[in-house]
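There are 2 protein chains.
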Amino acid sequence: MSDAFRTALPQAPIGRIPVQDVRPVVDHGARPAKAVVDERFDVTATVFREGHDAVNASVVLTDPDGGEHVLPMTCTNPGLDTWVRTVSADRTGWWSYRVEGWSDPYGTWEHDATIKVRADVDTELMLEEGALVLERALAEVERTAEQKAVLQAAVRGLRDTSKPPAVRLKAGTDAAVEDELGERPLRDMVSPSAEHALLVERELALSGAWYEIFPRSEGATYDEKEHRWTTGTLRTAMKRLPAIAAMGFDVVYLTPIHPIGQAAKKGPNNTLDARPEDPGSPYAIGSPDGGHDAIHPDLGDFDDFDAFVAEAERLGMEVAMDLALQCSPDHPWVAEHPEWFTTRADGSIAYAENPPKKYQDIYPVNFDNDPEGIYTEVRRVMQVWIDHGVKIFRVDNPHTKPVEFWQWLIADVAKDHPEVIWLAEAFTKPAMMHTLGKIGFQQSYTYYAWRNTAADLREYLTELSGEAAAYMRPSFWPTTHDILTPYMQFGGTAAWKLRAVLAATLVPTYGIYAGYELMEHVARPGAEEQIDNEKYEFKNRRWEDYEEGGPKEGRSLAGYLTRINEIRRAHPALHRLRDIRFHHVDDENFLAFSKRRRLPDGTDDVVVVVANLDPHSTRATTLRLDMAALGLESGDSFLAHDLVTDEQWTWQRDNYIRLGPEVEPVHVIAVRRPW
Amino acid sequence: MSDAFRTALPQAPIGRIPVQDVRPVVDHGARPAKAVVDERFDVTATVFREGHDAVNASVVLTDPDGGEHVLPMTCTNPGLDTWVRTVSADRTGWWSYRVEGWSDPYGTWEHDATIKVRADVDTELMLEEGALVLERALAEVERTAEQKAVLQAAVRGLRDTSKPPAVRLKAGTDAAVEDELGERPLRDMVSPSAEHALLVERELALSGAWYEIFPRSEGATYDEKEHRWTTGTLRTAMKRLPAIAAMGFDVVYLTPIHPIGQAAKKGPNNTLDARPEDPGSPYAIGSPDGGHDAIHPDLGDFDDFDAFVAEAERLGMEVAMDLALQCSPDHPWVAEHPEWFTTRADGSIAYAENPPKKYQDIYPVNFDNDPEGIYTEVRRVMQVWIDHGVKIFRVDNPHTKPVEFWQWLIADVAKDHPEVIWLAEAFTKPAMMHTLGKIGFQQSYTYYAWRNTAADLREYLTELSGEAAAYMRPSFWPTTHDILTPYMQFGGTAAWKLRAVLAATLVPTYGIYAGYELMEHVARPGAEEQIDNEKYEFKNRRWEDYEEGGPKEGRSLAGYLTRINEIRRAHPALHRLRDIRFHHVDDENFLAFSKRRRLPDGTDDVVVVVANLDPHSTRATTLRLDMAALGLESGDSFLAHDLVTDEQWTWQRDNYIRLGPEVEPVHVIAVRRPW
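Line by line, the protein sequences give chains D and G.
This note's numbering puts the first residue of the first sequence at 7, with every later residue one more than the last.
This note's numbering puts the first residue of the second sequence at 7, with every later residue one more than the last.
Excised from the complex, chain D in its bound form (with noise of 0.2 Å):
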């Protein structure tokens, strides 16, 4: 039709077959919808026509290459005509996806004929149409001489005078004529909604286990004589990488790395008075020793980080780096570039503020004076530890910083290293964090260490698995060298079991905070934070004496991590967000969840979790599994096997429970088929 005749701006022409409502779409499409790869995720669209006529719809995934892959969809609710088709992308890159809306001729002529030659109205000129809309399906899409002569059959059939017409009609409906045109259809008025941005990354964008570090306190050693610290390096940091390797991390996260400056350094618990020989906070960056692209010399050089690196990837580990844009007033970037920072009216550079109080050993970069030279400096920097084979970045308060400025340096990375992940470390109001995943940061921390609940932690995963899914990819930390939560702080063993165990397996990436193992529970007075905490002072946490014969063997949850850890390993239904299923657990205390995932032999990986949220009482409760969900019938029963204690039982529908501090805190059960 010529465009005299389609609806011009400031009207969007609809299609001919209309096609609404298509999800995932981030930002009305100005933003990707987000997976990994295999990651398989739901496809919905409104599809509709006009008249009683067959509507019927297909996905088009078209792949980096423009390989246009044509995926037939499934009408889920005739009554809101909406359909669904399951997803996954096989590599990573670009992707695109879109819905095509089409008119089913086939399907029309079997709805009508079907009715028709039944009630013996228009008979023989029902089996002619069938015969003359094989003939098209035939002429008009491409089949092999196999496929070919299913069709050819049927439209014999049909014209077959010889037999009766319940028996022509057949020839024309057989289920093997439905299968070939359900792969290969006839589609009429073929009408695609917008075409969709599906940005593909790797596994690890979404599935991990973090391990985070000190690098100055692994290998500290305090002089009790002299009163006087040794630092850690990166080579003595380096030892303990196997240990990390073995309790099963797939990343080590460093703290900044960088050289710290000695103006209005902090002193230890905060304080504002150090003494020359503390160590300073590593997130006070810059000094005459350089600025965010060199290492504080204390730690070693380029040689001891490539050595580290090398001895991570050995171990089968990646290296995370912090990134923390702000600077010490003694940062290279204040004296060469003063404009990058804010001036006063008195002419001093502004230090951070959160009025009335001030951070006098903190300026603030400010990008609006001179965006071009911070945004090309950061991406020089960006490529030093590229360069030396960094491909994960934890970003220190990206909230603090323009939005802008980190969608177009992730899209700038990504243009010569797609490889690289970027994770926000965002605590701040829903709208900021989100739109960080939406611009361009592969993971996000999130409020999970403040959601203690099983109402709470029901209701965030679900908004975190949903529609959230496509754009942001959770990151749980029960802990963090700036959080210990009351739950934590007075918790005990069973708080410190439970929140790692959920943290694994609630969402596919978490992470540990060193010393986690030890349970530092102690907060500062006033803080929600570890008491002399790291940030201000070195820390030898002795890890020898909690080894096989030392005098604090058994007292470290070393172990309970390498076993969940080896959880997640074994069930890859653990590696994914967007399936996660809830159950009913009669005392509100309890938090019962699974997951399930099909693997490549077409069989299902099945993980439930039971956890008693109240680490004080050991509880008794009902949980009644949604069998569906797992796979199974309502009266059937499976072999519960308890991965954390290696118990096995029956379980059926309705289960008796009990955990607690007197026994373990949270059931991880394989469900495995007896039969």
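Since the hints were derived computationally from the structure, they do not count as laboratory data.
Keep in mind that the hints are not guaranteed to be accurate.
One copy or two, either will do: identical chains are not told apart, so a pair holds if it fits within one copy or between any two.
To be verified - List time: in silico EDC-like cross-link candidates among lysine to aspartate or glutamate, alpha-carbon distance up to 20 Å:
#1 LYS397 / ASP309
#2 LYS435 / GLU554
#3 LYS122 / ASP352
#4 LYS364 / ASP59
#5 LYS363 / GLU116
#6 LYS397 / ASP256
#7 LYS421 / ASP9
#8 LYS363 / GLU130
Model, not experiment: these values are computed from the prediction.
Add chain G to chain D, keeping to what the hints say.
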């Protein structure tokens, strides 16, 4: 910043100040939001920024001449960063709107200075920075001398070292200064959302009272001796117009007036054996006398039609034509353009079917065979009627024709005739019904006839008055010539009163089908439509019998409908949809809602409707009013003036209510302040 520092496709760049989730937005911005002149609606958005500086937001409304109106928004939920501004447009045409997020240097300074000066931190510096911000506000934003004077005084006050700091600070944070900067702010980093189209239409597109007639029935007479009907005509139907106008209706809607085919003509009560003297269904359009561009010779000619339209206009009413795009086999198109229909395998033209049912009196148009030819012809036909003064079309079954056809037709007519209103009679699934609103229909018939319980009505009105109100305007009809629900068949007088009042007050447009006054409640057996339906025969309702002194005086609801329309005219609150609020009633058989509208004189028009939806029982209950929704305090009392009965009571938050067939089924209350 150069493009090298902007994110490129497939991601759209986010703004310096992110603006997310602007609403209303229809089909991701592909289609306009709609409103009528002076219809207030909320533009909302999520606007936030990095760091601690103040963020602010405006709606920019652009009028059809390109004039931009910058309107301040208010943050309604700081935690969720949601902003709102109620807007309206003062004339018809294509408007647009966008939301601009911006950095607010005055807001930042005022926040910080208030805290720091109070704590005596950087006092002199903060006061000087305030003076500098205000100097920028003076230099960069246009102001009158008087407006400038406010800020100049503030600058002097901030720098007046003879005064204590608190006094100087006050000079810069005074309400007059805040107001001036609220109206004409200093806006940094202005970041626009996408521009969204807003189509502003005339009042009747949203609000009006319709009355439906079959013109041939009005003035039809039956000769008992000869057993013969004489048809009504446009001239006799014209005589009915004063009575319709006297009842207070705004629109008189005529079922089709075109020539009727003889082929397979339907007889009384939808029988297939019509006699030659049966008039046939006016929906079987077309005969040798002409098609959709012709008038049935029995009804008159174009002079008669022009006279009818002129008389309606003289009485303050508009005429709505029926557009039923289907053909009798006798329609001229069938002979001239057989390609506009579907040809079956045997060469015959396909009639309408719902297998195995056949409707042999109707040939559906097949738009796909020659869309350009059909589009052009239908557009020509529309112009015939527009040239004869028709500005409203009621479209019969638009959901059986391609949606893209309607989109084109409505838009093409609007180019020269933006005043034309189209009502979609799409009693079909929600996706189609909503989409027809999105692509251009000004109004939609709805599921109202089947929503009879309070819970159903609340749910349905919540849907219609929410996001859907931006694109779909409901028309509520208690009955039509096709619809007579069991509620109306068996509900008695209470039901007929109730359903008219609810239709007239729940939404701004409602319609009455002739005979409603007479409560014609008998259905054809096996059907939910009237027996002896005037679709298939003449009907003389003998209106004169119900007049004063007539044999059936007092047995008509004409007076009741007249009162309803008087109430509607007197209460502008009832002309709007989006502001409906529901109130609690203890008995779930009751429905209570209110509407409130700000009038040009600054007062509020407030109407409360309370209905007992059980037409069979008089019931008493307690109504608990949401006083804030009425613009009242929770402890207030007010004069409740029942506009149906003219009674008055003093009401407060909790009120005793008794309604039902023994009294009246519904209160329509004007809220009057007695003070």
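Evaluation of the provided hints:
1. Proximity of LYS397 and ASP309 under a CA criterion of 20 Å is satisfied intra-copy only: 18 Å inside one chain copy versus 82 Å between copies.
2. In this homomeric assembly, LYS435 and GLU554 never come within 20 Å of each other (Cα to Cα): the closest approach is 45 Å inside a single copy and 70 Å across copies.
3. With identical chains, the CA atoms of LYS122 and ASP352 are at most 20 Å apart between copies only, with a shortest distance of 16 Å across copies and 90 Å within one.
4. Taking the shortest alpha-carbon separations for LYS364 and ASP59, only the inter-copy value of 15 Å comes in at or below 20 Å, while the best intra-copy value is 70 Å.
5. Only between protomers do LYS363 and GLU116 lie at most 20 Å apart by alpha-carbon distance; the minimum there is 16 Å, versus 75 Å within a single protomer.
6. Proximity of LYS397 and ASP256 under a CA criterion of 20 Å is satisfied intra-copy only: 13 Å inside one chain copy versus 70 Å between copies.
7. Taking the shortest Cα distances, LYS421 and ASP9 sit within 20 Å of each other only across copies (15 Å), while inside one copy they are farther apart (38 Å).
8. For a Cα distance limit of 20 Å, the shortest separation of LYS363 from GLU130 across copies, 17 Å, qualifies, whereas the shortest one inside one copy, 89 Å, does not.
The structure does not agree with numbered hint 2 stated previously, though it agrees with all others.
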